[in-house]
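Trainee: Here is what each chain is made of, one letter per residue.
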Amino acid sequence: MAKSALILCMDVGFNMSNSGPGEESPFDQAKRVIQKFVQRQVFAETKDELALVLFGTDSTKNPLDNDDQYQNITVHRNLMVPDFKLLEEIENQIHPESQQADCIFDIALNVCVLVENTTIHKLDRRNIVLLTDLNSPVSSDNLDVIIENLKQADITLQFFLPFPAEEGDGEAPGDQDRRGPGHPGTGKGLSEEQKEGLDMVKHIMLTLDEEEGLEQIYTFSAIEQLCMFKRIERRPMAWPCQLTIGSALSIRIVGYKAVTEEKLKKSWKTVDAQTNQKDDVKRETVYCLDDDNETEVQKEDIIQGFRYGSDIVPFSKVDQEQMKYTHDGKCFAVLGFTKQSSVQRHRFMGTQVIKIFPGKDDEHAAVALSALIQALHELQMVAIVRYAYDRRSNPQVGAAFPCIKQDHECLMYVQLPFMEDLRHFTFPSLENNSKFTPSDEQLSAVDSLIDSMMLVEEDEDGKQKDIFKVHDIPNPAFQRLFQCLHHRAVNPGTPLPAMESWLKATLECPEVIRERCQSALGEIKNKFTLTQVEKKKKLKTSAQIFGKDSDEPEAKKAKEDEADEEFNLADIAEGSVTSVGSVDPARDFRTLIRQKTLTFEEVCKQLTHRIEQLLGNKSTDYYMKSITCVEAFREQSVKLGNADLYNSYLQLLKSSIPTQGLESFWELLVQDGVTLISEDEVEGSTVTRNEARQFLVTERIEEAAAHPAEDPGDVDDLVRIVLL
Amino acid sequence: TQNYREERLTGRDSLVFLVDASKEMFIKGEDGAPSNFDMTMQVVRTVYTSKIISSHRDLIALVFYGTEHSKNPNDTFKHVYVYHDLDEPGAKRVQDVDALRGEKGAKLAAETLGCGPSSLGDALWCCANLYSDIKLRLSHKRLMIFTCREQPHGGDNVKDRQARTKASDLKETGVVIDLIHLMKPGGFDVSLFFRDIVSPPEDESELGLQLEPCEKLDDLQKRVRAKEQKKRATARINLCLGDGLNVAVGLYATAVTARKPPPVKLYRESNEAVRSKTRTFHTQTGSLLLPSEIKKAQTYGKKQIEMEKDEVDFIKKFDDPGLVLMGFKPMEKLKLHHHIKPSVFLYPEEGEIKGSACLFSALLKKCSEKNVYALCRCIARRNNPPRFVALVPQNEEVDDAKVQINPPGFNVIYLPYADDVRTLDLPRCTSASQEQVDKMKDIVTKLRFKYKSDAFENPVIQKHYRNLEALALDMMAPEEVEDLIMPKVEQIDRRLGSLVDEFKNLVYPANYNPESKPAAKRKTADSGGGAEKKPKVEVSMDQIKVHVQNGTLGKLTVPVLKEACKQFGVRTTGTKKQELIDALMDQLSS
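Just so you know, the sequences run in chain order A and B.
Take the first sequence: its position 467, counted from the start at 1, is 467 in this note's numbering, and no numbers get skipped.
Take the second sequence: its position 123, counted from the start at 1, is 123 in this note's numbering, and no numbers get skipped.
Hints listed in this document are in silico derivations from the structure and should not be mistaken for laboratory results.
Be aware that one or more of the hints could be misleading.
What the hints assert, rightly or not - Once the Cα atoms are required to be at most 35 angstroms apart in a straight line, the calculated DSBU-like pairs of lysine-lysine come out as:
id	chain 1	residue 1	chain 2	residue 2
1	B	K562	B	K335
2	A	K263	B	K576
3	A	K265	B	K576
4	A	K330	B	K71
5	B	K71	A	K339
6	B	K555	A	K85
7	A	K324	B	K222
8	B	K562	A	K324
9	B	K92	B	K71
10	B	K302	A	K330
11	A	K282	A	K504
12	B	K488	A	K339
13	A	K299	B	K265
14	B	K441	A	K330
15	B	K488	A	K360
16	B	K370	B	K354
17	B	K446	A	K257
18	B	K446	A	K435
19	A	K317	B	K446
20	A	K504	B	K302
Just so you know, these numbers come straight off a predicted model, no measurement behind them.
Please put together the full structure from these sequences, using the hints given.
Mentor: See below:
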């Protein structure tokens with residue numbers, strides 16, 4: 001397994017806290033670099049190990065500290081996988097100190113080499129990162145020894161300095177933007193020590209790597225590059241198989257997932273809000289019949305069936321296993337070849353692209369596959385193949401495209417649709433409709449908009465330059481999540497931060513384009529009329545949804561009478577009501593309040609628990625029942641002159657709408673006009689009449705703005721929602 | 001699920017097949033080609049079975065007119081035969097339709113239906129009653145008339161007028177009437193009668209009426225399918241070109257992976273469906289937990305970090321739903337391998353913002369002309385993080401029979417982020433010589449075929465439904481499913497003939513066998529390395545503790561981790577590596 005060990009070696013000597021007025025000290029800058037770096041490692045969950053060595057410390061703690069030469073060097077942390085503890089320590093325990101030892105950094109390097117060598121693991125990469133302002137006097141006495149040590153241990157070295165390395169040498173143009181503008185400290189010019197130190201650094205780096213050594217010297221402002229949390233890396237899994245054409249020709253191949261929507265490895269766990277313990281929360285699924293009593297059914301009394309249209313067919317797991325489609329397993333078999341143009345890009349299915357290479361260490365397979373790739377390329381054709389990952393997975397049909405690059409050749413496999421996947425929607429023609437046909441003027445306005453917004457341009461050398469490469473952008477959802485998690489971990493008890501500005505910027509239209517397209521955009525605004533269609537939102541009352549249309553007032557009335565009667569009957573039987581049941585919670589609630597055997601608070605609590613339960617079912621019938629509960633809650637609260645419980649519950653309910661997916665329930669509530677209890681109704685209510693009305697109104701606007709759109713629907717998506 | 005959810009808000013879709021059963025319909029084509037009636041029944045069957053798979057809650061009816069016998073509620077209408085009233089399609093109905101197919105079907109039709117005088121007016125009236133008898137809320141109502149007679153009443157003005165009145169009544173109640181006219185000698189003149197019966201097309205074009213009559217089953221299938229599937233936008237959002245300039249668009253899922261539906265849980269005693277309820281409660285007190293009483297947590301770097309539920313949503317929210325234009329790129333910049341999920345289709349929503357269609361149309365035309373695509377940031381629904389998409393222009397395309405193959409609009413291609421593109425170690429490749437390539441070209445050319453995206457049925461799903469069908473209808477054995485994605489090996493071998501050996505001689509040495517296990521010689525060479533791998537060693541409890549402390553549990557293998565869980569008495573429900581690690585960390589790091 002590829003693994004690396006990295007040592008962050010930071011100068012904390014007193015020289016590091018020197019800074020000009022209003023400037024951030026080199027110490028603070030270096031600390032930020034380290035923080036960002038460790039953060040990145042923690043969230044990437046790599047197994048790479050990391051150590052932290054400080055030099056210029058007042059105390060001394062290192063494996064060589066009995067030697068006088070190795071004073072003021074502290075190994076703060078030995079090589080291990082970085083965690084939040086380290087981040088907290090960096091935040092709270094690392095301060096500028098007052099020492100300045102001679103020849104310190106070359107000695108520190110020695111310690112680092114030693115630390116690197118402490119690890120017992122086989123490492124693919126060893127790296128030391130040194131952060132210093134080079135202000136401590138250096139001697140070059142044992143430089144050669146150090147370089148030799150580094151070389152021998154195959155350790156690479158990086159420097160982070162407060163100033164660019166090329167200062168004074170006449171900076172190379174074009175390097176400007178890599179370093180970012182403004183290097184604190186450069187204005188004052190370098191001290192003698194720094195100049196000397198810089199020469200030495202350059203000497204070391206060039207000795208280690210003649211060609212690119214100097215590129216490994218960064219400035220502290222390189223922090224912008226570190227801001228991004230490391231992108232998620234996954235080790236590609238090899239999928240060895242045989243490509244077959246008929247029964248007689250097969251080629252050994254190996255496939256790798258090349259592109260796929262990466263998901264986070266971790267999902268949210270549910271914990272108790274008080275204890276923060278996962279074990280305190282249990283989720284349980286129970287089954288019940290769809291009758292009035294919601295009779296619970298034991299798990300062992302449940303069998304499975306499937307729908308066949310209107311029929312439900314009992315179909316046991318055993319039968320299903322026996323009768324299901326089976327196949328021979330792993331397979332990459334050519335069904336035939338077809339023109340590339342007949343496989344349309346928008347018909348690509350599935351969630352991945354697999355690259356197919358010849359079998360490992362098999363030169364003959366390589367030649368055979370190469371012949372196929374080149375043949376397809378020259379003929380502009382693709383192979384249509386049957387692909388099955390293994391025996392357990394469903395076979396697919398897909399296309400294998402030839403892909404020829406300078407340094408490699410491969411086939412690219414993409415899944416294609418089955419007949420059952422396709423929906424043949426017909427849309428009205430846009431061309432044959434005079435109302436929609438744009439005029440020449442309008443067309444030319446759009447034409448210039450496109451010209452002004454081209455993201456790919458040719459530079460002076462005729463080379464194409466793409467200024468907005470999506471596949472270079474890290475998934476912002478991950479970046480944002482990590483930012484918030486980090487914030488919560490290091491600054492507990494404070495609200496979550498706003499999105500970082502660099503992340504926001506990567507998602508926006510590039511500034512150059514935005515400026516360039518202004519006039520074209522204005523032209524479009526002049527040439528086209530776009531008017532928002534005022535829509536009278538169809539007022540659905542809950543009764544309508546429930547199936548009773550407004551033109552049936554008679555029936556409705558009768559139903560209400562019935563309800564009254566039921567209520568009277570309930571009065572007679574009310575002696576038996578001891579808690580808010582599930583059959584008619586609103587009735588039980590009213591009865592219990594009248595009985596006064598339980599406190600108002602207690603009865604309300606029981607009712608709200610029932611409401612939560614009902615809402616958990618996410619179906620109109622249960623929403624209806626819930627609304628009658630809320631209405632009863634409101635009615636009794638007004639009657640008793642106690643608005644607080646009801647109002648705070650309704651506010652809580654409102655806040656839980658997005659998380660619980662209760663939009664349609666809320667809509668019913670809004671249309672039935674169930675709002676907060678205002679001070680007009682109950683004295684002592686903290687809600688004004690206007691606020692009570694506003695409570696629903698604002699919601700309606702939000703609702704209209706954020707239309708509950710549906711995703712094309714994906715099992716993975718569904719699973720993720722369930723996990724939350 | 002998606003259809004189901006939408007339906008709860010809007011109602012069910014319904015479809016009535018009104019089929020002419022006159023004797024003209026039963027005339028066989030030349031060379032024994034199936035009669036119009038036979039073709040129609042095949043199409044009806046296809047619609048029934050596809051509805052069962054894709055949208056089983058839609059309602060379908062099958063009504064014949066011009067019959068001798070009558071069958072309808074109270075037998076109000078003569079010569080109208082309601083074969084199936086409006087209901088969800090099921091196994092029995094598929095069987096019923098099957099019975100009307102082919103030679104035997106014609107015989108059965110002659111016995112049960114018979115041929116008699118036609119009154120389209122009565123037939124339409126009868127259909128109107130079918131709709132009004134339905135107690136469910138109907139969202140989309142469609143009626144398809146299948147006939148090969150351009151004048152069903154032979155010029156009887158009274159009957160014609162009556163039919164027109166009934167048709168306009170139906171249309172007024174929101175029923176869309178389509179004519180699927182079938183081939184008859186001398187051509188089918190729609191203007192003689194049916195022009196006033198059918199609903200006008202959605203656009204201004206006369207497309208619907210210019211259509212040639214269907215002659216082939218294929219055409220018929222296509223035409224019916226194009227009408228039968230009600231398109232629904234999965235989202236209606238704004239495409240912002242910048243600076244508050246918005247075009248309203250709808251997103252349509254035109255390709256969705258069909259899956260075997262999840263099983264329904266049934267009560268053993270009664271075979272009735274049960275509902276499931278999931279509850280969250282406190283382990284110790286057993287009381288139900290309100291949303292306010294739970295939090296969400298993740299563990300990173302050995303630390304559990306908690307968030308409120310609404311904070312979790314807050315983190316995911318970047319912006320309100322919508323498409324935001326970033327700029328344009330030449331088409332060749334759209335890489336074939338930048339694919340992460342099926343694309344969706346974009347079409348203007350004139351009903352939301354007036355003028356959208358015009359600007360959309362201009363954008364489509366120009367993008368297509370200049371061969372560029374639009375790059376947009378896309379948030380399809382609330383609290384979804386953004387994705388970048390390519391809007392690829394697609395011009396309208398119709399086939400010879402004037403049936404739309406590709407609608408006009410943009411295909412929305414989802415683009416990968418840096419995280420989604422994996423770095424692969426590229427193996428060093430040996431290139432083939434031109435001679436070898438040329439031989440392969442011969443092979444490729446021999447195996448050419450015309451690919452059509454709807455040519456392959458999913459054998460897994462088909463098999464599943466055949467099984468259900470057999471069980472539902474008490475059949476002895478399910479109907480065989482032909483696995484269309486199985487290579488036709490014999491045919492391929494025959495077509496290739498000696499080419500395979502010639503190619504193999506060019507690329508493979510004599511003793512080479514690609515079927516054998518990967519290179520045996522490598523094994524011997526590396527055997528030292530293989531033997532070095534020690535048999536699984538048990539890791540001591542102390543070592544585990546060290547790993548916990550250093551956060552290096554990930555180095556251990558799953559069996560070792562499992563064993564460690566056992567040793568420390570850590571309860572785990574999970575079997576995945578991360579779950580085991582989390583469990584051990586939870587227990588041992590505190």
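Trainee: Decide, hint by hint, whether the structure agrees.
Mentor: Here is how each hint holds up against the structure:
1. For the given pair, B/K562 sits about 44 angstroms from B/K335 by alpha-carbon distance, which is inconsistent with the 35 angstroms threshold.
2. Using a Cα cut-off of 35 angstroms, the hinted pair A/K263 and B/K576 holds, with the two alpha carbons roughly 16 angstroms apart.
3. For a cut-off of 35 angstroms, the pair hint linking A/K265 to B/K576 stands: about 11 angstroms separates their Cα positions.
4. Using a Cα cut-off of 35 angstroms, the hinted pair A/K330 and B/K71 is violated, with the two alpha carbons roughly 55 angstroms apart.
5. Simply put, B/K71 and A/K339 have alpha-carbon atoms about 53 angstroms apart, too far for the 35 angstroms limit, and the pair is violated.
6. Proximity of B/K555 to A/K85 is assessed by CA-CA distance (about 20 angstroms); at most 35 angstroms being required, the pair is judged to hold.
7. Between A/K324 and B/K222 the CA atoms are separated by roughly 30 angstroms; this keeps the pair inside 35 angstroms, and the hint holds.
8. In summary, the hint linking B/K562 to A/K324 is supported, as the alpha carbons are separated by about 33 angstroms, within the 35 angstroms threshold.
9. A distance of roughly 19 angstroms separates the Cα atoms of B/K92 and B/K71; the hinted pair therefore holds under the 35 angstroms criterion.
10. Only pairs whose Cα atoms come within 35 angstroms are accepted, and B/K302 paired with A/K330 is rejected, the gap being roughly 39 angstroms.
11. For the proposed pair A/K282 and A/K504, the alpha carbon gap of about 38 angstroms is over 35 angstroms, so the pair is violated.
12. Between the alpha carbons of B/K488 and A/K339 the distance comes to roughly 19 angstroms, so the proposed pair stays at or under 35 angstroms and holds.
13. Between A/K299 and B/K265 the CA atoms are separated by roughly 10 angstroms; this keeps the pair inside 35 angstroms, and the hint holds.
14. With a C-alpha separation of about 26 angstroms, the suggested pair B/K441 and A/K330 falls inside the 35 angstroms cut-off, and the hint holds.
15. Taken as a hint, the B/K488 and A/K360 pair is honoured in the structure, with Cα atoms around 29 angstroms apart against an allowance of 35 angstroms.
16. For a cut-off of 35 angstroms, the pair hint linking B/K370 to B/K354 stands: about 26 angstroms separates their Cα positions.
17. With a C-alpha separation of about 30 angstroms, the suggested pairing of B/K446 with A/K257 holds against the 35 angstroms cut-off.
18. Straight-line distance between C-alpha atoms of B/K446 and A/K435 comes to about 50 angstroms, which puts the hinted pair past the 35 angstroms bound.
19. A C-alpha spacing of about 45 angstroms is found between A/K317 and B/K446, which places the hinted pair above 35 angstroms, so the restraint is violated.
20. For the hint pairing A/K504 with B/K302, the CA-to-CA distance comes to about 29 angstroms; that is within 35 angstroms, so the pair holds.
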